[in-house]
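K.L.:
Line by line, the protein sequences are chains W and U.
In case it helps, the numbering used here puts the first sequence at residues 9 to 413.
In case it helps, the numbering used here puts the second sequence at residues 9 to 413.
Treat the hints with caution; some may be incorrect.
Put simply, identical chains are the same to the list, so a pair is met inside one copy or across any two.
Straight-line Cα separation of at most 25 Å, SDA-like style, residue types lysine to any residue; simulated pairs [to be verified]:
(1) 369 x 281
(2) 369 x 284
(3) 50 x 382
(4) 50 x 164
(5) 120 x 214
(6) 50 x 405
(7) 178 x 365
(8) 369 x 283
(9) 369 x 280
(10) 369 x 358
(11) 50 x 120
(12) 178 x 63
(13) 50 x 245
(14) 120 x 385
(15) 369 x 285
(16) 369 x 302
(17) 369 x 282
(18) 178 x 126
(19) 120 x 406
(20) 50 x 210
(21) 178 x 343
(22) 50 x 104
(23) 369 x 411
(24) 178 x 295
(25) 369 x 406
(26) 369 x 279
(27) 120 x 373
(28) 369 x 252
Simulated from the structure, these hints should not be mistaken for lab results.
Bear in mind the structure is a predicted one, so any value in this text is a computation, not a measurement.
Protein chains: 2
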Amino acid sequence: MQDSTQLSTPERPHHSLAAGLCLGAALLMAGGAQAWDGLVEKQVFEMDAYTTRGGETIADLAVGWEAYGTLNEARNNAILITHFFSGTSHAAGRYEEEGPAGYWDSIIGPGKPLDTDEYYIIASDTLVNLNAHAPNVTTTGPASLHPETGEPWGLDFPVVTIGDFVDVQKALLESQGIERLHAVMGASMGALQAYEWASTYPDRVERLIPVIGAGEADPWLLATLAAWAAPIRVDANWNGGDYYDGEPPLDGLREALKLVTLNANHWQWANETFDRSWADEQADPARDLDARYAIEQTLDDIAAARAEQADANHLLYLVRANQTFMAGHGESLEAGLAAIEAPTLMLYSEDDLVFAPQSVKRTAELIGADGTPVELIPLAGTRGHLDGVVAIDQAGDRLRAFLAE
Amino acid sequence: MQDSTQLSTPERPHHSLAAGLCLGAALLMAGGAQAWDGLVEKQVFEMDAYTTRGGETIADLAVGWEAYGTLNEARNNAILITHFFSGTSHAAGRYEEEGPAGYWDSIIGPGKPLDTDEYYIIASDTLVNLNAHAPNVTTTGPASLHPETGEPWGLDFPVVTIGDFVDVQKALLESQGIERLHAVMGASMGALQAYEWASTYPDRVERLIPVIGAGEADPWLLATLAAWAAPIRVDANWNGGDYYDGEPPLDGLREALKLVTLNANHWQWANETFDRSWADEQADPARDLDARYAIEQTLDDIAAARAEQADANHLLYLVRANQTFMAGHGESLEAGLAAIEAPTLMLYSEDDLVFAPQSVKRTAELIGADGTPVELIPLAGTRGHLDGVVAIDQAGDRLRAFLAE
Chain W
9 MQDSTQLSTP ERPHHSLAAG LCLGAALLMA GGAQAWDGLV EKQVFEMDAY TTRGGETIAD
69 LAVGWEAYGT LNEARNNAIL ITHFFSGTSH AAGRYEEEGP AGYWDSIIGP GKPLDTDEYY
129 IIASDTLVNL NAHAPNVTTT GPASLHPETG EPWGLDFPVV TIGDFVDVQK ALLESQGIER
189 LHAVMGASMG ALQAYEWAST YPDRVERLIP VIGAGEADPW LLATLAAWAA PIRVDANWNG
249 GDYYDGEPPL DGLREALKLV TLNANHWQWA NETFDRSWAD EQADPARDLD ARYAIEQTLD
309 DIAAARAEQA DANHLLYLVR ANQTFMAGHG ESLEAGLAAI EAPTLMLYSE DDLVFAPQSV
369 KRTAELIGAD GTPVELIPLA GTRGHLDGVV AIDQAGDRLR AFLAE
Chain U
9 MQDSTQLSTP ERPHHSLAAG LCLGAALLMA GGAQAWDGLV EKQVFEMDAY TTRGGETIAD
69 LAVGWEAYGT LNEARNNAIL ITHFFSGTSH AAGRYEEEGP AGYWDSIIGP GKPLDTDEYY
129 IIASDTLVNL NAHAPNVTTT GPASLHPETG EPWGLDFPVV TIGDFVDVQK ALLESQGIER
189 LHAVMGASMG ALQAYEWAST YPDRVERLIP VIGAGEADPW LLATLAAWAA PIRVDANWNG
249 GDYYDGEPPL DGLREALKLV TLNANHWQWA NETFDRSWAD EQADPARDLD ARYAIEQTLD
309 DIAAARAEQA DANHLLYLVR ANQTFMAGHG ESLEAGLAAI EAPTLMLYSE DDLVFAPQSV
369 KRTAELIGAD GTPVELIPLA GTRGHLDGVV AIDQAGDRLR AFLAE
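Isolated chain W, as found in the complex:
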């Protein structure tokens, strides 16, 4: 069921940038005061062609998006939510009554800190989204069909950056007539997109809310991301990225996703959630090299479920997009962060094993160096990096106030 105030493109029309602007005008008329009921319809934004910041052309680009709340007549109440590495645009609400809620549903909705009675909250799937085969995800990447050959792009797909993610989002927003964002907020890789928005388009971003992310990929993150990519490249089925007419490298993909899950957590979580139980009480790990412990089984099961909807090449492209990130994509981090003018609220975890707290703090210092207001708030919890996703509600009051300032 779709709320009548939701943005709707029933036949998924092909939106060029120009067509998008027309849709924006149509939205203006559809807008109303009715409350958002939490049911979400995934929609698709299309572009005839997109030219990457690296100068490569991607024809017939499409990304999924969804929105919560209503765009006001001035079109100045939009908040963009940018998603994390393994995430999608499903930040809040449900696709069906009994379905799973979006990852930040605790803070997005009627009366919640990101109040859908007040704001129009929009999120889109990134280019090269990990979950290329998920039913509610639309993305363009190596697994997409090349329009000229009708075959998957594979590694012929251009390397894309966080800047490209942002520029596609910008086209999406312009298609709805949105020229300025009340705020941009994202976690982890979403934080990178948020920094990039505020650095590249400072006159379009009124407030910046980066969560569990720093202004560049530091060396630790470069190495961590490389470790995530490694098992895929080891898998013979990966075949140099050319596997779309054969067996996909699922073993490697599962192990990559297992590492993502482990690194995004923290030993506090592992040790409070699990004990030394065996996965199978008949199979003693001290007797059988193939026997596992319960925590291994759980991580394997999570990874196997995620791998079914994911694409291995997309993971490699996401790794690279994160690795290449430096806010503003210019000569220096200092310049990229100095370009940010929006008042900034940063949330982070002292136990983050992906984005070093040290780098997050340096980011805050550099943003604030020229007088831009910056507030840096630690998140409590036992999940490390993931506290920025699963424990975001603790920052609800501050988020609500920051958005009203």
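Go by the hints and put chain U onto chain W.
P.N.:
Positioned in the frame of chain W, the structure of chain U alone reads:
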């Protein structure tokens, strides 16, 4: 050159346990007051047969060992050093004048905290040692030839535990007439062996010095170790462990070793040692999916060098030996640690990403619960877990005093 006071078995004779005792008597005569000059000869201890704690028999077992200093007439000045996951018995000194020093050379030697003028310091390669193909390592494991078939054991080799490592060391020490240890000290997996010594043989251990290790493998460590094993199992060349007459799974082994290096370090190290430089200034990672950053190249190079001397199945067996560890290998950690009677000096890092500081602290509490003296000292540094190896010298004064108490 070998110091004449060193233990020497020129023709690597076959030492049964009984023969070992005879050798011990011979040593007594060879002992002298001459200073140890830092040159080390790797030696080999052999057993006709060893029965694992799991009840399996390993015939023709051999492990390498080396020693620094002189065993006194009372044979009560021995300190056993137990090595870490990727380590060997090369704890101190050099095999040749210009060769690399052992990993704890900063604290072991004449006049150093572990003073070879006073103590007889001995270290042995573990069973299933990772570096099965290193010139100065002797070990028995899946890569060893099964005495009956003349073929490598492969996965027919029994799963062995830290307890087995200890029991082989016990046989080695008994072969030299050593019934009690002045101290046992080890880092990481070496700490596990040290706990096991003190728990299983409390009347043989006078002082316990576990460094960067806890009394059991906690769930976080179980999962971390599983992640190290994963790339090997993904590598098609692994072939279920049966690769000794074909291509070994070097890709998987390298990626496993890369993870070991990364996890044993800390973001402080990565971010103070590296920047965002490319590995090849002609190959821009934003243009080429195969291009790498300098930190990736360095980690890859380290892993490649280590993989040349390592065996993939040995790594899997080491993972399992660490996973199964609980001091005393009994019903409970509490009982295993209560069995420890030796005064204990524990060194650890608050930034350890392998052994959770929380688990180290709990270990100290449980050892001390019945009144056993325990001291827990944090190590400073930027290497996380590895500070227990590379920054051990900061604990030198305390180690010297503890050994004299």
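K.L.:
Against this structure, judge whether each hint is valid.
P.N.:
Consistency of the hints with the structure:
Proximity of residue 369 to residue 281 under the C-alpha cut-off of 25 Å is restricted to the inter-copy arrangement: shortest distance 19 Å between copies versus 30 Å within a copy. In this assembly of identical chains, the alpha carbons of residue 369 and residue 284 lie at most 25 Å apart only when taken from different copies (18 Å versus 36 Å within one copy). In this assembly of identical chains, residue 50 and residue 382 lie within 25 Å of each other by CA distance neither inside one copy nor across copies; the values are 34 Å within and 60 Å between. In the homo-oligomer, the alpha carbons of residue 50 and residue 164 never lie at most 25 Å apart, since the shortest distance is 28 Å inside one protomer and 53 Å across protomers.
Within a single copy, residue 120 and residue 214 get their C-alpha atoms as close as 20 Å, which meets the 25 Å cut-off; across copies the closest is 62 Å, which misses it. Taking CA atoms no more than 25 Å apart as the test, residue 50 paired with residue 405 passes in neither setting, with 29 Å inside one copy and 65 Å between copies. When the C-alpha separation of residue 178 and residue 365 is checked against a cutoff of 25 Å, the pair qualifies neither within a copy, at 29 Å, nor between copies, at 45 Å. For the identical chains of this complex, residue 369 and residue 283 are inter-copy neighbours only, at 17 Å across copies versus 34 Å inside a copy, given an alpha-carbon limit of 25 Å.
Taking the closest pair of Cα atoms, residue 369 and residue 280 come within 25 Å of each other only across two copies (15 Å); inside a single copy the shortest separation is 28 Å, beyond that limit. Proximity of residue 369 to residue 358 under the C-alpha cut-off of 25 Å is found in both arrangements, the shortest distances being 10 Å within a copy and 20 Å between copies. For a Cα distance limit of 25 Å, the shortest separation of residue 50 from residue 120 inside one copy, 21 Å, qualifies, whereas the shortest one across copies, 68 Å, does not. In this homomeric assembly, residue 178 and residue 63 come within 25 Å of each other (Cα to Cα) only inside a single copy, at 17 Å, whereas the closest approach across copies is 67 Å.
In this assembly of identical chains, the alpha carbons of residue 50 and residue 245 never lie at most 25 Å apart, being 32 Å within a copy and 43 Å across copies at closest. For the identical chains of this complex, residue 120 and residue 385 are intra-copy neighbours only, at 19 Å inside a copy versus 46 Å across copies, given an alpha-carbon limit of 25 Å. Proximity of residue 369 to residue 285 under the C-alpha cut-off of 25 Å is restricted to the inter-copy arrangement: shortest distance 22 Å between copies versus 39 Å within a copy. Within a single copy, residue 369 and residue 302 get their C-alpha atoms only as close as 36 Å, which misses the 25 Å cut-off; across copies the closest is 24 Å, which meets it.
Taking the closest pair of Cα atoms, residue 369 and residue 282 come within 25 Å of each other only across two copies (18 Å); inside a single copy the shortest separation is 32 Å, beyond that limit. For the identical chains of this complex, residue 178 and residue 126 are intra-copy neighbours only, at 22 Å inside a copy versus 73 Å across copies, given an alpha-carbon limit of 25 Å. In this assembly of identical chains, the alpha carbons of residue 120 and residue 406 lie at most 25 Å apart only when taken from the same copy (12 Å versus 56 Å across copies). Proximity of residue 50 to residue 210 under the C-alpha cut-off of 25 Å is found in neither arrangement, the shortest distances being 29 Å within a copy and 65 Å between copies.
Taking the shortest Cα distances, residue 178 and residue 343 sit within 25 Å of each other inside one copy (22 Å), while across copies they are farther apart (62 Å). Proximity of residue 50 and residue 104 under a CA criterion of 25 Å is satisfied intra-copy only: 11 Å inside one chain copy versus 68 Å between copies. Taking the shortest alpha-carbon separations for residue 369 and residue 411, only the intra-copy value of 22 Å comes in at or below 25 Å, while the best inter-copy value is 42 Å. Taking the closest pair of Cα atoms, residue 178 and residue 295 come within 25 Å of each other only across two copies (23 Å); inside a single copy the shortest separation is 57 Å, beyond that limit.
In this homomeric assembly, residue 369 and residue 406 come within 25 Å of each other (Cα to Cα) only inside a single copy, at 19 Å, whereas the closest approach across copies is 35 Å. Taking the closest pair of Cα atoms, residue 369 and residue 279 come within 25 Å of each other only across two copies (13 Å); inside a single copy the shortest separation is 28 Å, beyond that limit. For a Cα distance limit of 25 Å, the shortest separation of residue 120 from residue 373 qualifies neither inside one copy, at 30 Å, nor across copies, at 44 Å. For the identical chains of this complex, residue 369 and residue 252 are neighbours neither inside a copy (42 Å) nor across copies (50 Å), given an alpha-carbon limit of 25 Å.
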